[in-house]
Amino acid sequence: MSSRLHRRLIALAATTASAALLLAGCAAPAPSTEAANADTATTREVQHARGTTEVPVEPQRVVTLEPLELDTAAAVGVVPVGAAVASNVVGVPAYLGLDGVEAVGSVPEPDLQAIAALKPDLILGTEARHSALYEQLSSIAPTVFIATQADPWRDNAALIGEALGREDETAALLEKVDARCGELADTYGVDGETVQLIRPRDETTLSLYGPVSFAGSLLECVGFTIPDQDWADGLQADISPENILSAQADHVFVTTADPSDDSTIPAAIVQNADAFPSVTLVDTSYWVSGVGPLGAQKVLDDIEQYLEERS
Amino acid sequence: MTALTGVESPPARPPVRRSRRGAALSVVVAALIVAVALSLMIGANPLSPQVVWATLRGEGSTETTYIVIGLRIPRTVAGLVAGAALGVAGALTQAFTRNPLADPGILGVNAGAALAVALGVALLGLRDISALVWLALAGAFVVTIAVYLIGSSGRGAADPLRLTLAGVALGAVFSGITTGMTLSNPDAFDSMRSWNAGSLLGRGFDVIMPVLPFIAIGLALAFLVGPAMNALALGDDVARAQGADVRRIRVAVIVSTTLLAGAATALVGPIAFVGLMIPHVVRWTFGVDQRTIIALSALLAPVLVLLSDVLGRVVIAPAEVPVGIVTAFVGAPVLIVLARRKRASAL
Chain B
0 MSSRLHRRLI
10 ALAATTASAA
20 LLLAGCAAPA
30 PSTEAANADT
40 ATTREVQHAR
50 GTTEVPVEPQ
60 RVVTLEPLEL
70 DTAAAVGVVP
80 VGAAVASNVV
90 GVPAYLGLDG
100 VEAVGSVPEP
110 DLQAIAALKP
120 DLILGTEARH
130 SALYEQLSSI
140 APTVFIATQA
150 DPWRDNAALI
160 GEALGREDET
170 AALLEKVDAR
180 CGELADTYGV
190 DGETVQLIRP
200 RDETTLSLYG
210 PVSFAGSLLE
220 CVGFTIPDQD
230 WADGLQADIS
240 PENILSAQAD
250 HVFVTTADPS
260 DDSTIPAAIV
270 QNADAFPSVT
280 LVDTSYWVSG
290 VGPLGAQKVL
300 DDIEQYLEER
310 S
Chain F
0 MTALTGVESP
10 PARPPVRRSR
20 RGAALSVVVA
30 ALIVAVALSL
40 MIGANPLSPQ
50 VVWATLRGEG
60 STETTYIVIG
70 LRIPRTVAGL
80 VAGAALGVAG
90 ALTQAFTRNP
100 LADPGILGVN
110 AGAALAVALG
120 VALLGLRDIS
130 ALVWLALAGA
140 FVVTIAVYLI
150 GSSGRGAADP
160 LRLTLAGVAL
170 GAVFSGITTG
180 MTLSNPDAFD
190 SMRSWNAGSL
200 LGRGFDVIMP
210 VLPFIAIGLA
220 LAFLVGPAMN
230 ALALGDDVAR
240 AQGADVRRIR
250 VAVIVSTTLL
260 AGAATALVGP
270 IAFVGLMIPH
280 VVRWTFGVDQ
290 RTIIALSALL
300 APVLVLLSDV
310 LGRVVIAPAE
320 VPVGIVTAFV
330 GAPVLIVLAR
340 RKRASAL
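Chains B and F, in that order, give the protein sequences.
Here numbering that gives the first Met the number 0 is used: position 32 in the first sequence is 31, and no number is missing along the way.
Here numbering that gives the first Met the number 0 is used: position 131 in the second sequence is 130, and no number is missing along the way.
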């Protein structure tokens, strides 16, 4: 233990010293703040849903409690040591291609003991989900919360980028997503064609995803139009199978755990096949849960493949 | 079977009572017809009665045919079948346990069915309701047998109090396991959620038909033990003095309750409060003759299930609330009233 602490102190001192050197070199006009710089070089202030928090400049051991935070952290190269997962059985989503990320409970119910055992130096969570845990999480490590997973995902990703000290990388990744959208829009010219993303919940409910939702925003940014529904916050609209025809569109995507299994298409759509000429199964793990720059590219891969096969 | 029917019916009633029973029967039957009509007419998709009528005569569009013939008719039948089963199972359970607040769930039936379904979803990856229905049925039977064995271990016949304790205890354990499994893999259990809440949707005739025989046998058995239940209500000793075989009656009641509650739960999921409320309403209104209670519960419970389902279809249209959640909302206040009434719950 003591040797580890020792190494950390050396690393800390080295970082501080090099930072100070760097600052001394380029910040010539403000020599009198050198003492203060020694402090701010190790931590930074981040404003978030629970106020302002001092976080490490270069967080090394990050724990994420929200899929968006895991995806964004992985995308900017800060692979978390632990992540709350959508399913304890499946664990960290396969599309991320990550190894060595420990599952620390489920997204709605993170496991505080497992988180503490990882000795994180930064915890990322969501006010709307983990509000009651904030004090406990803060006593483990500096904790930054996005307000709600229902906000536009680009804004949330930007805040996470800032908390990780990777604003520029995050912005670049988001620009890359937009640029690819633009390319697909130019190549395939789907303007004016309608699209619907349907998530079958259970026997009574089908969820339609709106323009503000993650995959919905990607479908719209390649040029498709999502027909108007009675959206809750533009995110989602639930319908009964009786109203399945209100989900009609030129292109229909249905989320499933197994896109190769056609039996996962809901009966309401199968039994009204005439009204649904184009139905494509897509993977829930990134179309719904893969919120973030990496998941966005996976969704765009699927959209590109679909448009390619169609043309 | 002689033991079951060995108790003589009460002496012939005065004609006034008889005509009152006739009136009660016609009121309940009328209510049932209205409930069925509403269930066909009203839904999350606001079709006009004329359109529904035309569709029923085979003159509908593809869309209205799907809605009325494909969705509303099967769910109405499922509501009728499951409702009758739950109502009678509730009447039997309350008389059997001599506990006015008992419902079939108290014997662990629902928890057993739910655990079996959860295991099927988690371990076998089943999603299809037609496969889950058999698991639910098996789970209900296995748990009832376990409850009976635990409740009757030691000496003599299973006494109602020990059965209730065994049922509640096992039910709590199984519910805990089910909840744990569901929480650890919420995605996989998406498909189980509506089953868990209790829903009439998505149960086509391919699911309804296989459970019908179980419910038919359960109902027949219930009507058969009805007269004997009157004797049992007076206490074991009186019942024995009247020549009833208490042990055989109990076994018959348990078999019937398990068939009814197990099959209903397998079909539509655990719908709470129906088996609790309906026998009470019947008792308040039409007296304590078990034969009346059983028969009228079989007719009145589907009314509650169907009307709750109709309510669930319209409250958050264009989406729906599963019927089990509606019956819980309707049932909770009724339970409070029941608990506060001083003597109305006499069995």
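Treat the hints with care, as some may be off.
Facing chain F, from chain B, some residues (calculated, C-beta under 10 Å) [stated by the list, open to error]:
id	residue
1	Asp-237
2	Ala-274
3	Ser-277
Heads up, incomplete: computed chain F residues facing chain B, CB under 8 Å, no partners named [unchecked claim]:
id	residue
4	Gly-175
5	Gly-179
6	Ser-183
7	Pro-185
8	Leu-200
9	Arg-247
10	Glu-319
11	Pro-321
Computed footprint of chain F on chain B, listed as stretches where at least three residues anywhere in the stretch have a Cβ under 8 Å from a Cβ of chain F [as the list claims (entries may be wrong)]:
id	segment
12	74-88
13	201-214
Hints are computed from structural coordinates only; laboratory data are not their basis.
Everything numeric in this text was worked out from a predicted model, so none of it was measured.
Every residue gets a Cβ at the ideal spot worked out from N, C-alpha and C, and that includes glycine.
A quick look at each hint next to the structure:
Annotation: interface hint on Asp-237 of chain B holds; nearest CB of chain F at approximately 4 Å, less than 10 Å. Given the 10 Å rule on beta carbons, the hint for Ala-274 of chain B holds: about 8 Å separates it from the nearest Cβ of chain F. Among the interface hints, the one on Ser-277 of chain B is violated; its C-beta lies about 18 Å from the nearest C-beta in chain F, farther than the 10 Å criterion. Residue-level restraint check for Gly-175 of chain F is violated (minimum Cβ-Cβ distance to chain B is 15 Å; threshold 8 Å).
For Gly-179 of chain F, the shortest C-beta to C-beta distance to chain B is roughly 10 Å, which exceeds 8 Å, and the interface hint is violated. Because the smallest distance between the Cβ of Ser-183 of chain F and any Cβ of chain B comes to about 4 Å, under 8 Å, the interface hint for this residue holds. A cut of 8 Å between beta carbons decides the hint on Pro-185 of chain F: the least distance to chain B is about 7 Å, and the hint holds. Look at Leu-200 of chain F: its Cβ gets to within about 5 Å of chain B, closer than 8 Å, so that hint holds up.
For Arg-247 of chain F, the suggested interface contact is broken, since its CB lies about 40 Å from the closest CB of chain B, more than 8 Å. Restraint check, Glu-319 of chain F versus chain B: the minimum CB separation of about 4 Å is within 8 Å; hint holds. Contact between Pro-321 of chain F and chain B, as hinted, is supported at the beta carbon level, the nearest pair being about 5 Å apart and thus within 8 Å. Coverage of a stretch by a chain is defined here by at least three residues with a beta carbon nearer than 8 Å to that chain's beta carbons; for the segment 74-88 of chain B and chain F the count is 4, and the condition holds.
Proximity of the segment 201-214 of chain B to chain F, defined as three or more residues with a beta carbon under 8 Å from a beta carbon of that chain, is established by the 4 residues found.
When the structure is compared with the earlier hints, violations turn up for hints 3, 4, 5, 9 and for no others.
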